[in-house]
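A.B. asks: Each chain, letter by letter, is given below.
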Amino acid sequence: MKHFKTYTLFMILLCPVIFSGCRKLISVDTPQNQLTTDKVFKDATSATAAMVSTYALFDKTIDVNYNKFMGFYSDELNYTGATQEYIDYVQSAVFPANATNLNFWKNSYFAIYQCNDMIEQLNHSVALPTTTVTQYTAEAKFLRAWSYFYLVNTYGKVPLILHTDVNNNENAVNADSVTVYSQIIQDLKDAQVGLKISYIGSGKVRANKYAATALLSRIYLWQRNWPDAESNATMVINSGLYTPLPSTANTFLATSQETILSFWTQNGFINDAPGIIPSSGAPGYFYTSGQLNTFETGDLRKTNWIKSTTVGTTTYYYPYKYHNRTANTSAPEYLIALRATEQFLIRAEARVQQGNITGAIADLNIVRTRAGLTAYSGTIDKLSVVAAILHERCVEFFTEWGNRFLDLKRTGTLSSVISVLKPTWKPTAVVLPIPQNEINTDPMLIQNQGY
Amino acid sequence: MKKNMLFIVLAMLCLFFKVRAQNSPPPSAAQTITGKITDEQGLALQGATVQVENTKTVIITDKDGAFKLNPPLPNGQLLISFIGYQKAQIPYDLSRNVALSVQLKPEANSLNEVQVIGYGTTTKRLNTGSVSTVTAEEIDKQPIINILSAVSGRAPGVFVQTTNGLPGGGVSIQIRGKGSITAGTDPLYIIDGVPYSSNILNANNAIGSTALSGLISPFNSINPADIENISILKDADATAIYGSRGANGVILITTKRGKTGKTKTDISFSEGLNTIANQPSLLNLQQYLQVRREAFKNDGKVPSADPTSTSYAPDLMVWDTTQSTNWAKYMLGGTGHVTDVQGTVSGGNANTTFNIGGNYHAETTVLPGDNLYQRGGIRYSIQHHDLNNKFYIGLSGAYTTDNNSMVNPSSTLRNDIMLPPDMPLLDANGNINWTYGINPLAETKDRSTVNTDNLLTNLVLKYNLTKELNLSTSVGYNKINIDQVQTFPKASQNPKNSPSNFSYFAKNSNRSVIVEPQLNYTKQFSASTLNILAGGTYQNTLSQGLFINASNFSSEELLNNLASAGTITTISNSYLQYKYVSAFARVNYNLDDKYLINVSIRRDGSSRFGPGNQFGTFGAAGAAWIFSKETWLEKQLPWLSYGKIRGSYGIVGNDQITDYQYLSTYASSGYTYQDTSGLKPSRISNSDFHWEVDKKLEMGIELGFIQDRILLTVNRYQTRSSNQLVAYAIPTLTGFSSYQANLPAVVENTGWEFELNTKNIQNKYLAWTMAFNITLPKNTLKSFQNFANSSYANTLVIGEDITRIYGYRFVSLDQVTGKAIYAAQPGSTSTTPYFYYSMGKKTPDFYGGFGNTISYKNWQLDVFGQFVKQMAQGGITSSPGTFSNNYSVIQNRWQQAGDQTTVGRPSTVSDPYYSSSSANFFDASYFRLKNVALSYNISLSWLTRLKINKLKVYAEGQNLYTWWNSNTALLDPESGAYNSTTKNIPPVKSWVIGTQITF
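So the sequence lines, in the order shown, correspond to chains R and X.
Residue numbering for the first sequence follows my numbering, starting at 1385 and increasing by one per position.
Residue numbering for the second sequence follows my numbering, starting at 2 and increasing by one per position.
Bound conformation, chain R alone (with noise of 0.2 Å):
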């Protein structure tokens, strides 16, 4: 008993200082593959890569999940294989847990966050110039406006997230398609504002105040608002940057004189390229007869953007506008967002609508000379311009982010045109569902009629 005593007392005395040394004990380090994120923006390089990974998800996550699958949901490609997920977009029937659909959804959403925490962050930053706080938040507004374009194209009535704050985020609710655009417009005349005329960098891979500016134009002529579609339009085009119209065997070039935004590749080629190219045999997915035979004869686009190749008897047409499905490094490819051609039919649209006949027509003859094509020889009035303009957009911007779809739909006629090709179409598929796992965890968000 006595040593029982000794010891006790000593494993009393050795406890304090045991447990004094506890907290030292467990503590850890930052993890070495992580930088905390008040570092993160205390610093122009850091800031600079996060700045630049959230345009990389545009190729890398969201363009791969987005426009051949909206390309099948029109009518512009087709797919014949056994995949359900694929056959349910070829089919116009897009289910809620479809996964491709979820992770449009989810990498925008994503793109959506970093640009938030961007804003956030960068709002705090002390140590960064004042400059560089300007620019990229206005680089973040731009990227978000590009974001809830596509959204709420897609979905209709998407949540407005304008915060990183998980707490408020978590129960998020529809809001209408009204307030998603005034603030994409909000967001895009920022941008504006902190954007310079100069790109960052070589290339021009960051957005820049007339990607603001273009992106701007698109959303005006989306809300029929023809005169701020016209004077954004013009301001892209008298910048004198992105004229004259280069070759259409030039225009998807990383150095194409009318790209006004792309985003980088690392290898040349774009991320969906290898998808779509075939290396030998048929394509996994193929342009409709119906799409190629809406082509004008001698047009060029459908010389040089459309290939075709032949497996026993059948002959496949397939998109190239992009060429480089492996590494390129003398003539790499930039995935293209914005292009000068889409400012001189932004324009000509707005200028029909407002009876700039004359005008509409010039800055079409434009889009058609590059074509190889002859002036535009048909009637000279309002609905005939309009849907020539309309017709030229189709041919000329097919199988880029989805747009097939987006006119169709902001023009009312998805429904009619989709509709005869596909006894699966319903009038609800206008919009996509909201992605089954959103609902699941979001009790305040309403799912799309007809899903």
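Everything labelled a hint here was simulated from the structure, so no lab data went into it.
Hints may be right or wrong, so weigh each one.
Calculated pairs, PhoX-like style, for lysine-lysine (alpha carbon to alpha carbon, straight line, at most 25 Å) [as the list claims (entries may be wrong)]:
(1) R:K1408 <-> X:K580
(2) X:K298 <-> R:K1806
(3) X:K524 <-> X:K630
(4) X:K491 <-> X:K57
(5) X:K257 <-> X:K491
(6) R:K1810 <-> X:K820
(7) X:K298 <-> R:K1691
(8) X:K57 <-> X:K37
(9) X:K263 <-> X:K953
(10) R:K1806 <-> X:K302
(11) R:K1806 <-> X:K842
(12) X:K298 <-> R:K1810
(13) X:K302 <-> R:K1810
Quick partial rundown of chain X residues pointing at chain R, CB under 7 Å, derived from the structure [stated by the list, open to error]:
(14) T309
(15) S312
(16) A586
(17) A668
(18) S670
(19) S792
(20) T796
(21) I799
Glycine is no exception: its CB is placed at the ideal position from the N, C-alpha and C atoms.
Based on the hints, put chain X in the right spot on chain R.
C.D. replies: Just chain X now, with coordinates in the frame of chain R:
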């Protein structure tokens, strides 16, 4: 009583007496008896009780097993007892100046077998907690490669599921139900005192989703033959000593030790075959074609041979409809060969024992192509104590390396099985047929190689400061390196997707150090024993991982060589450091082997929590009353040989969360943009999450009848988990899919456990024992704060099981169109099917095991079965009629008005609701003949001449037969339907024959 007693007084003693008598004082002067108590091997037994019969004179043996006492009477009987040994009754006579030497025989009764508990041992009889044990004897009979499989069906309250039957595949264990909605439900695993991670911690970098065997289970790097026993701690009393890590139960794995005696060499060798336990039941070719034709007819379409047509149907129009392949059989129908060799040398003297062994195991798989899994290792265990028994040192450990090289058609297995039965592998020109988009012949060119090195070692130092007090320190070290390469040659991929050669490389390591100083005080009183344990733990674990996705290799031959990659597509890495410190204490008091009390407390600190939330206190109290020892009862109920009531209550925690969740950081995004390597936010950080609290309550009764030939245990448990640490699910519109938080909910797991062991026959030649256990678990979400606004409002229901399975509710078939009708949301005017109807739960209704062991002379036969009553979601992915095969359950489809069925009319357009509806939900109950083992001990005189002590030959079978309703859309009732993460390859049926030689 006499029958049960054995006393051995060495014959030598007589001689000794005679010699000593001549030099001794006269007999009448002697008043003291001295003696020494040892075990069969002659090892001193410290703490044995020596009592003079019918007196209060009692003494406890010292560290040398010696005692000295002055009996009040000149002659009589000495009663000697020690836990786990048969009692001995020795006569004495003071007139002979007695010096006794007594050897105690171990008690054959299972109640007295040593039971391993946290930081110590006890016996089943004296345990106040709820512990199940699986012994080496039970493990050795099972031809398994993952040690966790050995537990299946053998321990009540422990639900074991083989999620993937391939070598390296996973086995999941859940002790007493799922307490957490999303956090880890893995028990804490401790091998020889060293915590062992049950999964790859940095799962982000481990390539599991593209491996056919799923995420690697580190338990494949443990040699089952090295294991002495597996102890499963279940209630608060047993687990609270592990504090914050005990919530999901604790599994203690103890490896084999050497025994005193002559040096013994054991060699065993076995050889066997593996096939898949169950094949899914699919449509045959004629049935498939019939359904397809119906589909086209119903849709008013004509199947076309034109590949650009939307009615393209090569299965009907192009392929040879007389050639049929069963794709399930093609993918999983192979036969694997198994070879296993084990060798051990063990032995030792009174001071030092050792056990050194080596092992090698090789097996091929049920998959097509070249597959080989190999495992080899060495194990060592050395124990030594000095002559005066003051100092003890023990070192044990194992080094295991395994290599798993197999074909890896991982992304397409589900679709491969469901290929149209007439799809030819090659087209008319002899090239790979890519019409369907996938081709098993090509995909089996994908390969996966996994190399694992695992070193696990433990050093124990102990010093007896006094008779009662000892100080010990245990130092453990574990390092696992897992090196994975998955290669995807261009030739294995559909040329339509314009593939390129690519490979995944992953390197993961996990290094863990644990130091546990302990102070142990044991005081024997005349009728009681007090044991106090105090200790501390310091653990430091570092997990690192690197993942590289590389493509454009110069040659398919060089896919394993990173340097030959043309493009590095993705690089990501992980770095997780975990530090854990704690202090614990336990007080155990045993009065008269009748009243037992056990109280434990532990204070833990963990680096996984943010500042201010790092420390938490846990503890439990347990008590037991062995009422059969009450004399009044012994007389009343002579047939009751053993009776114990025990209960426990305590608080334990769970810290199975990822590190750094409180920290707001950016990490590499893996994307380079404008030649700048990108950074992205790592997570939504939460600095507020804190320890979860699990309150466990248990009552148990243990009964033994007819001299313990019948043993019955009944447990009732209740666990209430609150403030659960979960990866709280959030909509991805927030930017992330979850963040670390405490769930404001209470989840209750309750259940009954019954365990019955009987010795039906026990005589000189024939012995027959029987074991049966059954568990009836129940899981309920009791409450949830602000439930309606939570992200679980749709998926969970208060009052229902948290493993609830929900989906569309199939109502009936429209008798005109043959289309399925699903129920809309209750109370809604919409006709859109409602997704959140309860279909059932994953928690089984009951599960258990039933085993028989019969030995007759040199023969022994074991038969063990395992059963589960449960429902499971089926694997149907599309409704009948689409361009893929289906389970044969859809044969029962609607064909004409009036057909009463749940399967709609075939159509080429899939019914998107069908696979998530109650029509794809099946009874997955089964009874599986888990293990049959027959062995024969050859005892011939020539063996003795060859110095062979034992020669055993045996035949063993695992998963031999399963009784279940096979007409369901499941691969197997145990592994369930295919899941893209775990792959759910059914467990294998194995046949093994072998021999074991001891000399």
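A.B. asks: Compare the structure with the hints numbered earlier in the document and write down the numbers of the violated ones, lowest to highest.
C.D. replies: 4, 5, 7, 11, 15, 16, 21
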